[in-house]
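One line per chain: the protein sequences are C and E, in this order. Take the working numbering: the last position of the first sequence gets the number 728, and nothing is skipped along the way. Take the working numbering: the last position of the second sequence gets the number 728, and nothing is skipped along the way.
Simulated from the structure, these hints should not be mistaken for lab results. In this text, all values refer to a predicted model and were calculated from it rather than measured experimentally. We treat Cβ as the ideally placed atom computed from N, Cα and C, and that holds for glycine. Heads up, a few of these hints could be off.
[Stated by the list, open to error] Derived CB-CB ranges, DEER-like:
hint, chain 1, residue 1, chain 2, residue 2, range
1, E, Leu402, C, Asn154, 44 to 52 Å
2, C, Leu398, E, Ala38, 28 to 36 Å
3, C, Ala363, E, Lys77, 49 to 57 Å
4, E, Lys678, C, Glu214, 34 to 42 Å
5, E, Lys678, C, Ala34, 51 to 59 Å
6, E, Tyr725, C, Asn154, 44 to 52 Å
7, C, Arg572, E, Lys678, 21 to 29 Å
[Stated by the list, open to error] Derived lysine to aspartate or glutamate pairs resembling EDC-like cross-links, with alpha carbons at most 16 Å apart:
hint, chain 1, residue 1, chain 2, residue 2
8, E, Lys668, E, Glu372
9, E, Lys294, E, Asp121
10, E, Lys460, E, Glu214
11, E, Lys576, C, Glu372
12, E, Lys298, E, Asp416
13, C, Lys576, E, Glu372
What follows is each chain in one-letter form.
There are 2 protein chains.
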Amino acid sequence: MIGIFWFVPLAAIIALCFARYFFITMKKAHEGNATMIAIASSVRRGAMAYLKQQYGVVFLVFLAVGLMLAFLSYVVKIQNKWVPLAFMTAGFCSALAGFLGMRTATAASSRTAYAASKSLDAGLKVAFRSGAVMGLVVVGLALLDYSFWYFVLNMFVDLSKPSAKILAITSTMLTFSIGASLQALFARVGGGIFTKAADVGADLVGKVEAGIPEDDVRNPATIADNVGDNVGDVAGMGADLYESYSGSILAAASLGAVAFRHMGAATQLHAVLAPLLICVLGVFASIAGIFFVKTTEKSSSFDLLCSLSRGMKVSSVIVCVGSILILKMMSIPNFLGIWGSVMVGLGIGIFIGETTEYFTSQAHRPTKRIAECANTGAATVIISGFGNGMISTLLPVLAVTLGMVCSYHLAAYGSDNTTMGLYGIAISAVGMLSTLAITLATDAYGPIADNAGGNAEMSKLGAHVRARTDALDALGNTTAATGKGFAIGSAALTALALMASYVEGVKFALLNAGGKFISVNGVDIALKKATMSNILHAYDVNLLNPNVLIGMLIGSMLTFLFSGLTVNSVGRAAAKMVEEVRRQFREIKGIMSGEEAPDYARCVTIATSAAQREMLLPAVIAIASPIIVGLVFGIPGVMGLLGGALSSGFVLAIFLSNSGGSWDNAKKYIEEGACGGKGSNAHKATVVGDTVGDPFKDTAGPSLNILIKLMTIVSVVTVGLAVSYSLF
Amino acid sequence: MIGIFWFVPLAAIIALCFARYFFITMKKAHEGNATMIAIASSVRRGAMAYLKQQYGVVFLVFLAVGLMLAFLSYVVKIQNKWVPLAFMTAGFCSALAGFLGMRTATAASSRTAYAASKSLDAGLKVAFRSGAVMGLVVVGLALLDYSFWYFVLNMFVDLSKPSAKILAITSTMLTFSIGASLQALFARVGGGIFTKAADVGADLVGKVEAGIPEDDVRNPATIADNVGDNVGDVAGMGADLYESYSGSILAAASLGAVAFRHMGAATQLHAVLAPLLICVLGVFASIAGIFFVKTTEKSSSFDLLCSLSRGMKVSSVIVCVGSILILKMMSIPNFLGIWGSVMVGLGIGIFIGETTEYFTSQAHRPTKRIAECANTGAATVIISGFGNGMISTLLPVLAVTLGMVCSYHLAAYGSDNTTMGLYGIAISAVGMLSTLAITLATDAYGPIADNAGGNAEMSKLGAHVRARTDALDALGNTTAATGKGFAIGSAALTALALMASYVEGVKFALLNAGGKFISVNGVDIALKKATMSNILHAYDVNLLNPNVLIGMLIGSMLTFLFSGLTVNSVGRAAAKMVEEVRRQFREIKGIMSGEEAPDYARCVTIATSAAQREMLLPAVIAIASPIIVGLVFGIPGVMGLLGGALSSGFVLAIFLSNSGGSWDNAKKYIEEGACGGKGSNAHKATVVGDTVGDPFKDTAGPSLNILIKLMTIVSVVTVGLAVSYSLF
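Isolated chain C (complex conformation):
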């Protein structure tokens, strides 16, 4: 262990301190009048009730999976002894980040609304810096957790040769991100079901049937709807990116250890630490960027967007300049090439965000064209949104593939070591995610601004306040679109990096296999087929091997099955919500006249318990499929499975997110006055599109990110089963 390592926990603690600072500043802000406080506390109570129940279920699942891992580690002995514990700490840290982010977001909404009654800049600052709490807590806890484990393994791994020790530590730590992954699955799927059940319930009965406006206090589902925004876009998005962040760092570290193993222990260690230090740099860059986000009273929506991007640009520039210095100072061989890979990653993230914006914003042709189709009815809206979403997959895929080519060849430049190229791909994912603290701040900002708008509406604040919160909310819608693109792109690169380190690990272990044992993930595993020629055959992940093709077909199918299941879950949960809202309107007589308050809590409970029930089957599929395929078709089957799931899932996720986003904004475009405006038949047609798009863009699409990553990490962790027990 060397001195510069300590920068990592140090940066983590600084990030947490700044998070605390932003939190305290926000809490000191004025909370508004009594109505505002009451509404905010309803939302907060709902959010906490959801989290309590969610974490209760997740805790039980973690216990079960933890026991399974303990069984693999201590009884079957195909996994290192650390993973059951590290699994728990990663899951805990991710859950803690979600909890802190949610507490901040739900406390910030009324304060944002109140601040907006003073000035636009004040409102923006409260909302954005509260969002930054989530970003900083995520990167801080992730870096802290892995620093801790790095420290522990460094003490306990007992290998005299430094190079072997680094290899053992990094290949052990690679398995640790399964905790973050599993937590992310539940946060995304559960959150996605909750938020859309509440949204559909509030819209279908409240807006359409009862004819009351959005965010009206008389709508029983309105609090659940506001809770849902936080649940999906704060807790869900946070856990998703927590996982990408930790997965990409661990994958890059493990590939670095393999790629640089012949270049001396110092260089190898530097290659392992480089991704961590780039993230350290990213933490400081993000904090600096956060302070650049401010605005003036006369800002147009374009100016507002610029003030957010100013913060992101500052952070990116700092990472650009700083990372070349870091790589140079650490004397990494071919540091310019590797720096190029980092730049490629940063570039892909921005580019995918931009294409998402182009294909989903009502400012551009594709979404306008969908709105124009509304004149011939709902069917043509659906068809054209569907076509638009499918066509929108072209550019992100070209960007990611081009990025792969560039980062691979830049990092492998002048060497015939292919692992070096894979290290380049992994470190480009790290580059993309290095400024996560500020990227996530813009994501978490969205629901805070949205809730602030809801709070202002329900508390009947003045028109100038509503205008300001509307401006802040509109900005949130734009950042939500780019954020989704970013989440998908980072998930694809992270899954690629994890896949690469998975097979490189197995290949490397095979090359060094001693007799009947190979060493993977920090543990010696008995080989099923002992002769070397058999081994090479069993690990032939060639496309001609039918097991690989079978895996690909199954992987591709699973992404569709998983999406179908989550979409249906939303349908069922929404139906329950619709029933409940109708029941309240029917049975509680004074609701419409405003004399009696609806039972908000009951709607929250319904959405919560539906989310809990529905998230289990998809979770079982994600966890069980790599294990079963591994046991039947071995490593080649698993590789095919991951390749198929990645290639289909990435494209399917973009399609689902972008068609959903474009339907949403086609409706907004008409509400802004186009094609007959609000209340016209065209508007009704786009409402159908928006409702169809809701589970696409907020449940199935984002959940696919996790499916891809979770399947990969489960494969990493259970590789020993496939090695020792596979049927074919």
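Start from chain C and add chain E according to the hints.
Below, chain E alone, put in the same frame as chain C:
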């Protein structure tokens, strides 16, 4: 060449003779009254006008692609000199089959209606045997074309060693199916756009806006709609399966030549001829089966279905029993295992058809559930149909993968020759398609029965006739669903077989590479990288090779892009049709009172020219993408591309077909009286679902079958480019 080869052209000629016999018998049947004749001749004129224009455009494309192939063969010299000619003959035969099938189908509809006025059995027989014309013509022409080329190559290929000669002939012939593939693309995409533009136009304006019933003579688009049924389900389906049929035979023959090359020339030749002889057996089995299709007057819909399945069962049993005898008599090694593979193929075809029926028929839960969602509006119908379609991908994928495992291991039993296993996969595709003549008869039967119903309606025949044609039509809807499943399943297996023979061919050629040349597809190609270690690196189709992963991502994306483009094409073409129908209702005053006839021909022209214009871009993508990826990323990139396109495209096609089918039948279920029946709000909601599903199930879904196969065969034909000129 040996004596038993002559069975192949003989069977082809017998198939054509029976086709002629059924055609003449049908033509002799009574055509009905003057109105019936007039309507039938309108449809026939429309269909022929479409075919004329379609074949005109396709002829130009064939000239262009033929010139490109000639350039590759005679100038760049990376392709054999036969392929430009064989490309033309295969395209011609497939087009001729489409023409004959369409002529028969359009002549049969009024005769079916008239026969149905006599008895149900008479109606069934006229319709079914007319459908059989298409089936028999397709298999007859395909077998004849390839017999001819086998004969020619046998004369001209000048190699003294028999084993080498068979290898050269089969690897040359593998390239010949590109003609059938390209023709299929245009038939499917063009036909799919035509039929849905006409259908949507007829429905949206005629049924919804003007409120006149389906197939009403006053609807200007009704003739185009009837033409469209033939264009999509006769010509399109026929060309699709023509391609699968020839592709699977040629792939099995080429893999057989490689797998059995060390077992003596006689055994090798038998392995090559076995797939052909199984198809010969299938021809006779199908003809026998056709005569078993008959019914009685009192038949329920279930009895009707049984009478069709009786014919298919008879054929299948004959193939089961006969093929084991053939394989035994030809003394193929491990003949029992290979027979098992044939059986697996037959089984998969039936199973996928059954699951399609389950997920799309209103007799079963999934579609009923979608209909029940109609009570809460169009959005919930769309969402649940979407979920249903996605979940329905599970069973077909499991069936195909299980089938692959079984056919691979059965054929490779007791041998460590992996090519033997791939031969097993290819011959299972042959098994599935061996009874194509009768399978296709049931597909082509559908539009004939549908048109007969339309004819009876428009000619105002009596209620008992309508009841009979309705029964025949309902049967057609069921067979359409199973037929679609069969087409997708056979496309997947054929593409797999083509892919396998592609890489086996390259691998085999590399093993036998002499110095700087390798011999692929019957021609010597200069190697770009001359040393053997470089060669092995360049052909490493391992999933760790980033070029493979890049190819997979691009392949997966292309299936979505292609679907998006075709779906949008339907949208645009339908909008034109809607405009035209509205214009006619507005400008031709006497239409609604029945005093003036609408301008049917104009609607046909609009659908035709829209189809021509819109089919070009998807075609360019399908042809260009494997060439470009091959030039940039080499063989590994192409293999990844094909793997990604196959795994995504197969799943996507099932999803599109099944969700479309279930929406269609959910509407029918409500029209039969469920959930409020015709005219209710629930019915309106399912009409939206049906309209959305139309381009899914009849344009994008079926076109994906061709995309997968065409991309594979283009890769086969242009392999020399990737070998000699690839960038990475």
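Right, here's what the structure says about each hint:
Taking 44 to 52 Å as the suggested C-beta distance range, the pair Leu402 of chain E and Asn154 of chain C conforms, at roughly 47 Å. Checking the proposed 28 to 36 Å range against Leu398 of chain C and Ala38 of chain E shows it is violated: the Cβ atoms sit about 54 Å from each other. Judged by the Cβ atoms, the range 49 to 57 Å given for Ala363 of chain C and Lys77 of chain E holds: they are separated by roughly 53 Å. A hinted range of 34 to 42 Å holds for the C-beta pair Lys678 of chain E and Glu214 of chain C, which are about 35 Å apart.
About 55 Å separates the C-beta atoms of Lys678 of chain E and Ala34 of chain C, a value consistent with the hinted range of 51 to 59 Å. Take Tyr725 of chain E and Asn154 of chain C: their Cβ atoms lie about 51 Å apart, and the range 44 to 52 Å holds. With their beta carbons about 28 Å apart, Arg572 of chain C and Lys678 of chain E fall inside the hinted range of 21 to 29 Å. About 13 Å separates the Cα atoms of Lys668 of chain E and Glu372 of chain E, which keeps this hinted pair within 16 Å; it holds.
Between Lys294 of chain E and Asp121 of chain E the alpha-carbon distance is near 6 Å, which keeps this suggested pair within the 16 Å criterion. About 13 Å separates the Cα atoms of Lys460 of chain E and Glu214 of chain E, which keeps this hinted pair within 16 Å; it holds. The hinted pair formed by Lys576 of chain E and Glu372 of chain C meets the criterion: a straight-line CA distance of about 15 Å does not exceed 16 Å. Between the alpha carbons of Lys298 of chain E and Asp416 of chain E the distance comes to roughly 57 Å, so the proposed pair goes past 16 Å and is violated.
Distance check on the hinted pair: Lys576 of chain C and Glu372 of chain E sit about 14 Å apart at the alpha-carbon level, within 16 Å; holds.
When the structure is compared with the earlier hints, violations turn up for hints 2, 12 and for no others.
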